[in-house]
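Engineer: Start from chain A and add chains B and C with the ligand according to the hints.
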Amino acid sequence: MSGISQEDVAHLANLARINIPADQLGHYAKQLDAILNAVAEVSSLDTENVVAMSHPVPMTNVFREDIPGVSLTAEQALSGAPAVEDERFKVPRILDEE
Amino acid sequence: MAEATMNYDEAISKFDPVLGLEVHVELGTNTKMFCGCSTVFGAPPNTHVCPVCLGLPGALPTLNKIGVESAIRIGLALNCEIAEWCRFARKNYFYPDMPKNFQTSQYDEPIAFEGYLDVEIDTDEGRRTFRVPIERAHMEEDTGKNSHVGGATGRIHGADYSLVDYNRAGIPLIEIVTKPITGTGKYAPEVAKAYVAALRDILRGLGVSDVKMEQGSLRCDVNLSLRETPESKLGTRSETKNVNSLRSVERAVRYEVTRHAARLTAGDTVVQETRHWHEDTGISTSGRAKSDAEDYRYFPEPDLLPIAPSREWVEELRASLPENPAVRRARLVADWGLSEIDMNTVVNSGALDLIVEAVDAGVDPAAARKWWTGELSRIANDRGIELEELPVTPAHLKRLEELISAGSLNDKLARQALEGVIAGEGDIDAIVKARGLAVVSDDGPLLAAIDEALAADPAVAETIKSGKLAAAGSVVGAVMKATRGQADAARVRELLFEKLGVSE
Amino acid sequence: MSDLIRKDASELAGLVSSGEVSAVEVAQAHLDRIAAVDGDVHAFLHVDTAGALASAAAVDVKVKAGDKLSVLAGVPLGLKDILATNGLPTTCGSRVLDGWIPPYDATVVTKLREAGVVILGKTNMDEFAMGSSTEHSAFGPTHNPWDLERIPGGSGGGSSACVSSFEAPLAIGTDTGGSIRQPAAVTGSVGVKPTYGGVSRYGIVALASSLDQAGPCARNVLDTALLHSVIAGHDPMDATSINAPVPDVIAAAKRADIKGMKVGIVKELGGEGYQAGVRSRFEESVALIESLGAEVVEVSCPSFPAALAAYYLILPSEASSNLAKFDGIRFGNRVGDDGTKSVEQVMSETRAAGFGSEVIRRIILGTYALSAGYYDAYYGQAQKVRTLIKQDFDAAFAKVDVLISPTAPTTAFKIGEKLDDPLAMYLNDVATIPVNMAGLPGMSLPIGLAPEDNLPVGLQIIAPAMADDRLYNVGAAIERELLAKWGGPILGMAPELAGA
Ligand SMILES: [Zn+2]
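Protein chains in written order, with the working numbering: chain A, 1 to 98; chain B, 1 to 504; chain C, 1 to 500.
All the given hints hold, so there is nothing to weed out.
Residues on chain B that point at chain A, a partial pick, calculated with CB under 7 Å: (1) Thr29; (2) Thr31; (3) Thr47; (4) Val49; (5) Tyr161; (6) Ser162; (7) Pro300; (8) Pro306.
Rather than coming from a laboratory, the hints here were simulated on the basis of the structure.
Predicted, not measured: the structure shown is a model, and the values here were computed from it.
By construction, the Cβ of each residue, glycine as well, lies at the ideal position given by its N, Cα and C atoms.
So here's chain A without its partners, still in its complex pose (with noise of 0.2 Å):
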């Protein structure tokens, strides 16, 4: 089910947006390798016919009321970025287009 190589693993840490130099891709590829054998024996179990569960508790429709809670000011909303400009978020420039 596995085969790790080194260009899934740049593949990955580009979708990731995880710069890991070249010269680790083989390390993590074959880390990577080990791991997914052994997480293989999710396949042991039969599950046809089994829903798959995506949440623990059994409950649904959990709504909020529509009404105005507490913002943060924006000084409290700045106050942990790494740049700040114009009461706003700094970011370098972007290349991709939404």
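Structural biologist: Leaving out everything else, chains B and C with the ligand in the frame of chain A:
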């Protein structure tokens, strides 16, 4: 850079267009979808934010009930089925305007699905209805707003850096996605526009959004592909974003048809990509290629529990839906005996609901229409306000009409009474009394005024007597002036002719 | 060193509320202990001396005014550094959050503050709670007070170590796959993972949202129950929070009567792969339980062998998404922003520099498991296994009142021993993971020392959802007998720390 295009008629003669429309509507809830922050437009940057919508570590979403209710109502108004059970999902991708680097959205379990919307357009063969099939309407959240600093244009390309305001992040969005719309032929641009307009009317009628395209509370993406014949398989589509006016919807479809056709005819392929519409130049430019297999890694949102709307709740919401705007319009045209053109005037003036209210209160439809699209529209326009903002109620119009038909007010006096209402002088009767507004019905003062007018212009009596009855107008005008408009003009005319021994 | 530090939380609360000892004295005694031994133990990442003394003084004012106090007013506590604390650093053991000060409190923290519990500081943990040894903290490992060469368990090793080294009588941990129970087991302390939804997750930095649960750590069952009662309850800020009364855990801890109960041994959680001393102490506990009038039967949970595999797909998947927000834009550190790089590059460099290798490994694994084309085989399949695990538990609880097993397969291992072998590390949680997968409550209780290494062994007790009180009843009954047998708390057998 502008690409080659082909003349529209030629393009349509060669290809069959297939449309797809994705509309995002920002709901007019008090609070955001997943937190209690206000949704009011135009606040100072980063003041409508909290740990939840700022995506701070540890914060958790809670679901706005009115957001869900609005989604169900929209689904019902679009003839959709409502899911018996559905979940939110996380759509994972990195972008600086998205605080959590995932969007809480719905993936394969939309709350509403399989609906349609009928739209009418004018065709060469008269008015025709097209049925637009709706695939789904689902709930999600809006992103923050980037502004780009530096560079020449303030656009993203060439900017030195960007600044992010998260006030808009987390505002409830409903995304409404059509299935491929086929069979429009050359009317694709008109159908697209009519669909968005009809959708806007429905959303406004539901009261779920202010649907202001210019403020971004209604946004449209246009998908378009061409195929050689209606029997051919679907061609490669482009997705044009940022199409933010009704006019642009029509233009963008038309432009993409001409652009695709030019490429295909030249033997080029159409690239599956996101494009950006430019209102100013009327063209679209290439954005990001979709080919690098967007992998959003959707999975069910563990922090929000499933939604299982009871059928009772759904039926309750269905029962509370307003009449479909198109159906209602057709009914009113018939009830009021209007032409389509008259109805267009009414709708465009924004007076429809006000007229309906007045009619419901017992005002004659023609009179209600006359006041709201005439005098009152003029006043609102002069003052730069909306019709709804005028303090004129159905009760005012009703009383006004009663006084007119009793002959105690004429048109001019009635307008003065309305001015009084708008000036806050009280109800109609009080204003009539206070301003002394009453048609002078006693002939004595009128005859005196006529004598005075004739004395002031001795020649006019002879002119009238000679058969030039139109000259009576100046006398009547003088009498009206002398009585400060309170005379009944018809009676003045009668008395004048009697006096001069002329018959009409 | 003051003898206040060896007192139980319940005892300290009594002394403070009666005015015999001031809360400030109690706080100072523990701050002194931290100053003396934490250089060796390294349970704390941040000690809030001023804040602790101020909140203790506020309790003393209430005592003088004769105000009504909570059951734990004036009692000091160590808080795992994964709970957001307004005005106090919160790092999650990660460099990416070094220096971040949240502008808000987690709901658990709010409840603690309202109850007059004195927060001494933030305790060490594996980075973002990924680990079973606290060696994956970016700020260095925590040491087990029983043997400073050994791990204190993880991810909440700081919480278990601060309790077992008498730096605090109480601590808060979080448990995603065993991070409260396994540390409790290897340090000879008590830890409870409440029913999922029993304690608010609001303000707790998420690892795996569908598995995470905060819970109490202490040195005995009653203290654990008192802390449980303070932090539990419905929270409208957490949509997964259960809107029902909190089970009466304090009464259950005082009842300590298991006569007539049915106790199930989970066949799949024990035997091969479990250290001999762990097995022998477990077998003794079974005999003890029977001697107290409970009936013990073996039950089988056939899906449990796949639980570890399913867990290591669900956790990394959810974590890969939860940790996406750490990008150096809105909070935390930013790396590589020299004015020339794009935001995409800066995010990637920030995350590469800010995350340790275990975190990166799991994010990549989760990204893979959620990818189009692999979702069904990995994440989807793991969620189906999760359903089977839940069904196994349902079937078991149709027959018995509680289930038991060893908490961890081994006693505390040496620091560095498993650091390069992720799979060996993951096995530490093999017995605790099924409980999280089903959202159930579980306790770890010390049941003695393994003869071969004289290190603590833990017993895991598992109850049905929202029957957390059963854990305390059973745990307290066993604890009472063991204390009598040992002649005092197990931690009395731990070596004295050099700094003291
Ligand atoms: Zn908010």
